[in-house]
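Below are the chains, spelled out letter by letter.
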Amino acid sequence: QKEVEQNSGPLSVPEGAIASLNCTYSDRGSQSFFWYRQYSGKSPELIMSIYSNGDKEDGRFTAQLNKASQYVSLLIRDSQPSDSATYLCAVADSGGYQKVTFGTGTKLQVIP
Amino acid sequence: NAGVTQTPKFQVLKTGQSMTLQCAQDMNHNSMYWYRQDPGMGLRLIYYSASEGTTDKGEVPNGYNVSRLNKREFSLRLESAAPSQTSVYFCASSETGERGYTFGSGTRLTVV
Chain A
2 QKEVEQNSGP LSVPEGAIAS LNCTYSDRGS QSFFWYRQYS GKSPELIMSI
52 YSNGDKEDGR FTAQLNKASQ YVSLLIRDSQ PSDSATYLCA VADSGGYQKV
102 TFGTGTKLQV IP
Chain B
-4 NAGVTQTPKF QVLKTGQSMT LQCAQDMNHN SMYWYRQDPG MGLRLIYYSA
46 SEGTTDKGEV PNGYNVSRLN KREFSLRLES AAPSQTSVYF CASSETGERG
96 YTFGSGTRLT VV
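The listed protein sequences derive, respectively, from chains A and B.
To convert a position in the first sequence, counted from 1, into the numbering used here, add 1.
Just so we're aligned: 67 in the numbering used here is position 72 of the second sequence, and the numbers increase by one with no gaps anywhere.
By construction, these hints were calculated from the structure, which means they are not laboratory data.
Take these hints with a grain of salt, some might be off.
One side of the interface only, derived from the structure: several residues of chain B facing chain A at Cβ under 8 Å [stated by the list, open to error]:
no.: 1; residue: Ala19
no.: 2; residue: Gly35
no.: 3; residue: Gly37
no.: 4; residue: Tyr43
no.: 5; residue: Pro56
no.: 6; residue: Gly58
no.: 7; residue: Tyr96
no.: 8; residue: Ser100
no.: 9; residue: Leu104
The beta-carbon is built from N, C-alpha and C at its ideal position, and this holds for glycine as well.
Just chain A, with the same shape it has in the complex (with noise of 0.2 Å):
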């Protein structure tokens, strides 16, 4: 069984400050790496994607990948309270058939 491990939290950060969110893999194969925020009551949404070893960034978030670890991180620079929900790091399986696990999720919480 393929697993995705998160810390579910709440990780509180203040308003501004940069939050930190960590997962970890079992599937050494695995080649494609996501992150999706979810508000309460709604659908995940993508937000980053990642698929070589270092940093990629897209304004606010920065994506970590580091393979021979099997970690993958998310930081949240300058967070917002709109920033508050919870973050599900998803691994596709290195099996080809186009399958993705999901962790269990961070719930963050930024106090204004």
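With chain A held as given, fit chain B onto it using these hints.
Below, chain B alone, put in the same frame as chain A:
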């Protein structure tokens, strides 16, 4: 700009009743997926369809059936609903799994 459309949004069933959840996408995506989301369990894959004409079981297929009616539509059927199937159901689509999913708005199903 519809994306992925799910119907219904809410449903209450009695144990043993049957129903079909409908999903349609207008993005010309090849792959479609059905997930359920339960508190503390994250998103779990029920069934997926990598392309029109094919369907495969995911992590939790028992008690469900699916039909990929055409490239746009992918339905999920509960033949004899059980209280354990109380959940939020999400349909998703993707050009390929490696490029991330677009989710529908979800169906909140309660089985009493």
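Q) Which hint numbers doesn't this structure obey? A) Violated: hints 1, 5, 6 and 9.
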